[in-house]
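Engineer: Residue numbers (my numbering), protein chains in the order written: chain A, 3 to 279; chain B, 721 to 1019; chain C, 309 to 740.
In short, the hints are calculated from the structure, not lab data.
Hints may be right or wrong, so weigh each one.
As the list claims (entries may be wrong) - Subject to a maximum C-alpha distance of 25 Å in a straight line, what follows is the list of computed SDA-like cross-link-like pairs (lysine to any residue):
hint, chain 1, residue 1, chain 2, residue 2
1, A, K107, B, Q1008
2, A, K267, B, L909
3, B, K983, C, L472
4, B, K983, C, A533
5, B, K927, A, A21
6, C, K622, B, I776
7, A, K107, B, V753
8, A, K267, B, F812
9, A, K107, B, L745
10, A, K107, B, L748
11, A, K107, B, P879
12, C, K622, C, S393
13, A, K164, B, I776
14, C, K489, C, R550
15, A, K168, B, I931
16, C, K489, C, E596
17, B, K927, A, F22
18, B, K983, A, P121
19, B, K983, C, L413
20, B, K983, C, G555
21, B, K983, C, A444
22, A, K164, B, S908
23, C, K489, B, D863
24, B, K983, C, W564
25, A, K168, B, S908
26, A, K164, B, R773
27, B, K983, C, D530
28, B, K983, C, V724
29, B, K983, C, E596
30, C, K622, B, S735
31, B, K983, A, A122
32, B, K983, C, L392
33, C, K489, C, E414
34, A, K168, B, S735
35, A, K107, B, F750
36, B, K983, B, P879
37, A, K107, B, K983
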Amino acid sequence: MIAQRKSWQDILPIVALGAFGLVWMVPLFWTLAAAFVPTTELLNGGPLVWLQSLHFGAFEQAWSVAPFARFYLNTIIWVFGLLAIQLVTISLAGFALARLDFRGKDQIFFLFLTQLMVPATVLILPNYQTLVTLGWLDSYQGMMAPYIASAFGTFLMRQAFKQVPKELEEAARSDGANWLQVLWHVFLPVTRAPLLAFSIVSITYHWNEFLWPLLITSSVEVRPLTVGLALLVQSSEIGAQWDQLSAGTLIVAVPILVLIALVQKQFTNSFLSSGIK
Amino acid sequence: MSSPRSLALPSIVRSSGAVAYLFLLPSLVFLAVFTLWPIVSVIWGSLHARRGRSQIFVGMDNFERIFSDPFSQQVILNTVGYVTLSLLMSVFGGLLLAILMNQGLKNIGFFRFPFLATIAMPMVSVASIWLFMYSPRVGLLNDILGGLGLPRSNWLSDPDLALPGLFVVYLWKQLGYFSLFYLAALQSLPDDVLEAATLDGVTFWQKLRHIIWPLVSPTTYFVSTIGVLNSLQQVDHVFVLTQGGPNNATSLALYYVYEQGFKWFKTGIASAMTVILLAVLLTMAILQFVYLERRVHYQ
Amino acid sequence: MFNRALAIRLLVLFCASALLIGGTFAQEPITLQFFYPVGVAGPLAQAIDGYVAEFNATHDHIQVEPVFTGGYAENMARATAAILSGQPPDVAILLGIDIYTLIQLEGIIPLDDYIASEDGLDIDDFFDAFMANNIADDQVWSIPWQRSTPILYYNKDAFAEVGLDPETPPATWEELVEYGKQLVVRDGDNVTRWGVEVPTSFWIFANFAIQAGQHIGSLGDDPCAVYLDTPEATEALAFLRRLQEEGVMPDGANAWGTAPADFIAGAAAMIYHSTGSLSTLLANSPFEVGTAFMPAGEAGYGANVGGGNYYIMKDIAPERQDAAWEFIRWMVRPEQIGQWGIDSGYVAPRNAAWEVDPLMSYAAEVPQASTARFQLEYAVKEFPATYGGQEIQVITTQAIEAVNTGEQSPEDALAVAQERANEVLIQNGCEL
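Using the sequences and the hints given, assemble the complete structure.
Structural biologist: This is the structure:
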């Protein structure tokens, strides 16, 4: 090892990465500043003036102009409600495809593949019409419906279940357990990692989802945060409310940012496993 | 083994086949209603046009309109340009950032955070942030450029800059995502391959071109596929930042579907554009299939 | 065997008992769904929710459920979707120009019977210009609510600073150019204050065409008429381009929301904007704000009205329609709609509102609030009151963008727009 030479070679890219990262964060810093500093001071003063005029007023205003508390609740209900349903559907379907024999397996496998090829985002128009027929507009189940079957999750679980040793399954079966009991007591406890990976991807994806909820929701009781934020951006047709907008932006984004900071490693791994969402 | 009653299956479904169908049922129902049926119904819709409250059959008229109207032609061009840019970005940008992240210290999560944070933020938030960055007279971007003595621009209102402007927003948000895949690929390479190359005094570019690039080619293939899929679905930032303007310069295919289908209720035109998107996705899937077949064949 | 006659009898019996039960519970309140958009700045959604809460508190038999659906376009999209799906809201605030689209969808009912009834409304009290978009086939289909015209806002401090009289805003296009030039402030190559900023929008452009002598939309009851390629419209668009070429107005397209921000920040000395932005501009500008008629062109002053009206939906039960009428009537009471004018900056659309408090005292205190009202003398029907109006709006704005960004000449851009607008009209069954 040539220690001397390696050290600057090692440090240079880190410095470069750090600098690059800082530049990358500029818009976020700007948003922070815009949320905590009144707009006139932000535009006319320097950092010193900013520090003197820090305030939380914009958050109070944003919070009062749009019912963000309700939007939070809605987002949590729809994102976690959907996740709960998905965990059931993907475990069951993944298990069937991984461990059970039945006729038409290839065809059913192909059906799931179709969903990987055709993301739900592209099908907003016909799916909207379906919701009209079902009377599911402006409802949680309407928001969730296109995602309840998840090909990505099903394949992820199928892959995980395939790696579970046959002996474990056989032991349980010979004890007289039925397949549902086998799945619950034997398979799910050893596949927590993929379940977690799927959960992180699903939460991030749906927490951030916008167009579909925008189209199908109309009442404050159902609308998620992203739609609320976009309406705030739209309704304030005056740029003078930048502080409110920035505050609203942070209100929506901060929980996810905190989540990432806490579980950065799992997050990275989950997204690697996600591939095609 | 404890077997709670709640997990008891009905006695008819003893055979593993019946159990399998039962397990698959919830997924299949929703697949049928929200993935398969919409494909059928959108094809039907693309052959019809709405008149008042009723639908009339118009044959291929909607497609002819899309391909002959200069404004929808522009939407297609915008989309192709956007997807191409994002393909290049996801591959080259993603790889370069990954190489940077992969240097030296293994545990530099702190330095990766900026790139991960943007992935996880909602596009609506990201777009709102950039709305303020791009604002022509009070935005930070023009302030910085002005400070450096560079010309200021009216970013989102200039037809030549608006689409690249949207792309930068997407880049900012998603570059980290694509670099993650390359990072994983790089970390799975044996250390000595990269180190040997360094000691022999090869330049960075030679190393990149002749060693790294071939070794990560499966990842490149994968990243380009999801890069295209991802960018085809982008619409939130169009909605927040430009609403397709100025003069149609930033209308992308999916935004066009939204505008035609949900603002003006020209469901026929919107369905036809959806069918075009589906055709592109299907083509990609076939290419993918052929590629995978070939790889399996030659391995 | 199934007996058909018996089945019918049972059905009749069932319906009768249902009616009877319905009658018994007639005291149950009717819950009305009410869609509304917010087109201008300010916490207007809160204001409306407040009025509705007051209405609900004072009406036992009607409860109104307000639904804020976004901007005008989203609101209309939402209402259209609801009408097409057979589940319309009961009452909605929609643009005046959407009247023909709504009639074509069979989504709304005419209100003449209600207006003439015992619990009616003095419709002649409403300003003519604000009724122009509400009448089709000699019937009244909607009641004015959040109505506006664009006006000229100017920075009085900036006027004084460059030696212009702060009490004499530009009255003609030529003066606009001239004053604009004097108001521009440069720092090297960079302009730190523009003379005037005109948002790139069909709604603002329409005023210039009227001032040049020919409205781009129909003045009468014709859902198939758009006049975009006239010499007057061309002249108006050429003038907008000239403002940029003379260095008075920022180049490129100017976003609707950017203009007020620039005005408040002192980066634009004059802006064209909706009167609905008045409250926000007054509250946030660190200088004295002047308001004036939009400067006159060759044909004198001219303005294009805009904004939203109350519509009652068709596919709902008659008692719901009655309840919706009661709600509308309550909302447009002179005191109530005057309060709304103060809260929002919209022009209270009826004479009576200006003759009682709170608006009477407010107008005396804030003279800027009356500018738009007096400009109404020169105001005409909003463009484009046609079939497919929302799409024609976008087409027109695209033409202005093409010219303001230097991509096309006014003639070419407007010719393209006219052709595209015609296509939309033909698609909607117009014979051109």
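Engineer: Take the hints in turn and mark each one as holding or not.
Structural biologist: Hints versus structure:
Between K107/A and Q1008/B, the direct Cα distance comes to roughly 22 Å. Compliance with the 25 Å bound is thereby established for this hinted pair. The straight-line distance between the Cα atoms of K267/A and L909/B is roughly 20 Å, inside the 25 Å bound, and the hint therefore holds. Restraint check for K983/B and L472/C: the C-alpha separation of about 45 Å exceeds 25 Å, so the hint is violated. As the CA atoms of K983/B and A533/C are separated by approximately 21 Å, the hinted pair is consistent with the 25 Å bound.
Simply put, K927/B and A21/A have alpha-carbon atoms about 24 Å apart, close enough for the 25 Å limit, and the pair holds. Distance hint between K622/C and I776/B is fulfilled; the C-alpha atoms sit about 24 Å from each other, no more than 25 Å. Annotation: proposed proximity of K107/A to V753/B holds, straight-line Cα distance about 20 Å (limit 25 Å). Distance restraint check for K267/A and F812/B: the Cα-Cα separation of roughly 24 Å lies within the 25 Å cut-off, and the hinted pair is therefore satisfied.
Restraint check: the Cα-Cα separation between K107/A and L745/B comes to about 13 Å, which is no more than 25 Å; the hinted pair holds. As the CA atoms of K107/A and L748/B are separated by approximately 12 Å, the hinted pair is consistent with the 25 Å bound. The straight-line distance between the Cα atoms of K107/A and P879/B is roughly 51 Å, outside the 25 Å bound, and the hint therefore fails. With a C-alpha separation of about 13 Å, the suggested pair K622/C and S393/C falls inside the 25 Å cut-off, and the hint holds.
Our distance criterion of 25 Å between C-alpha atoms is broken by K164/A and I776/B, whose separation comes to about 50 Å. Between K489/C and R550/C the alpha-carbon distance is near 12 Å, which keeps this suggested pair within the 25 Å criterion. With a CA separation close to 41 Å, the supplied pair K168/A and I931/B exceeds the 25 Å bound. At most 25 Å may separate the alpha-carbon atoms for a hinted pair to count; K489/C and E596/C meet this at roughly 20 Å.
At most 25 Å may separate the alpha-carbon atoms for a hinted pair to count; K927/B and F22/A meet this at roughly 22 Å. Note on K983/B and P121/A: the hinted pairing holds, with a Cα-Cα distance of about 22 Å set against a maximum of 25 Å. Using a Cα cut-off of 25 Å, the hinted pair K983/B and L413/C holds, with the two alpha carbons roughly 14 Å apart. In summary, the hint linking K983/B to G555/C is not supported, as the alpha carbons are separated by about 36 Å, beyond the 25 Å threshold.
A C-alpha spacing of about 23 Å is found between K983/B and A444/C, which places the hinted pair at or below 25 Å, so the restraint holds. This hinted pair checks out: K164/A and S908/B have alpha carbons roughly 23 Å apart, not beyond 25 Å. In summary, the hint linking K489/C to D863/B is supported, as the alpha carbons are separated by about 24 Å, within the 25 Å threshold. Simply put, K983/B and W564/C have alpha-carbon atoms about 19 Å apart, close enough for the 25 Å limit, and the pair holds.
Note on K168/A and S908/B: the hinted pairing is violated, with a Cα-Cα distance of about 29 Å set against a maximum of 25 Å. Distance restraint check for K164/A and R773/B: the Cα-Cα separation of roughly 52 Å exceeds the 25 Å cut-off, and the hinted pair is therefore not satisfied. Our distance criterion of 25 Å between C-alpha atoms is met by K983/B and D530/C, whose separation comes to about 23 Å. Our distance criterion of 25 Å between C-alpha atoms is met by K983/B and V724/C, whose separation comes to about 22 Å.
With a C-alpha separation of about 40 Å, the suggested pair K983/B and E596/C falls outside the 25 Å cut-off, and the hint is violated. About 56 Å separates the Cα atoms of K622/C and S735/B, which puts this hinted pair outside 25 Å; it is violated. The suggested pairing of K983/B with A122/A holds, with an alpha-carbon distance near 20 Å, which does not exceed 25 Å. Between K983/B and L392/C the alpha-carbon distance is near 13 Å, which keeps this suggested pair within the 25 Å criterion.
Under the criterion of a C-alpha separation no larger than 25 Å, the hint pairing K489/C with E414/C is inconsistent with the structure, at around 51 Å. Of the pairs offered as hints, the one joining K168/A and S735/B holds, with about 18 Å between alpha carbons and a cut-off of 25 Å not exceeded. Taking the CA atoms of K107/A and F750/B, the gap is near 17 Å; set against the 25 Å cutoff, the hint holds. For the hint linking K983/B to P879/B, the alpha-carbon distance of about 23 Å falls within 25 Å, and the restraint holds.
About 42 Å separates the Cα atoms of K107/A and K983/B, which puts this hinted pair outside 25 Å; it is violated.
In this structure, the hints that do not hold are numbers 3, 11, 13, 15, 20, 25, 26, 29, 30, 33 and 37, in rising order.
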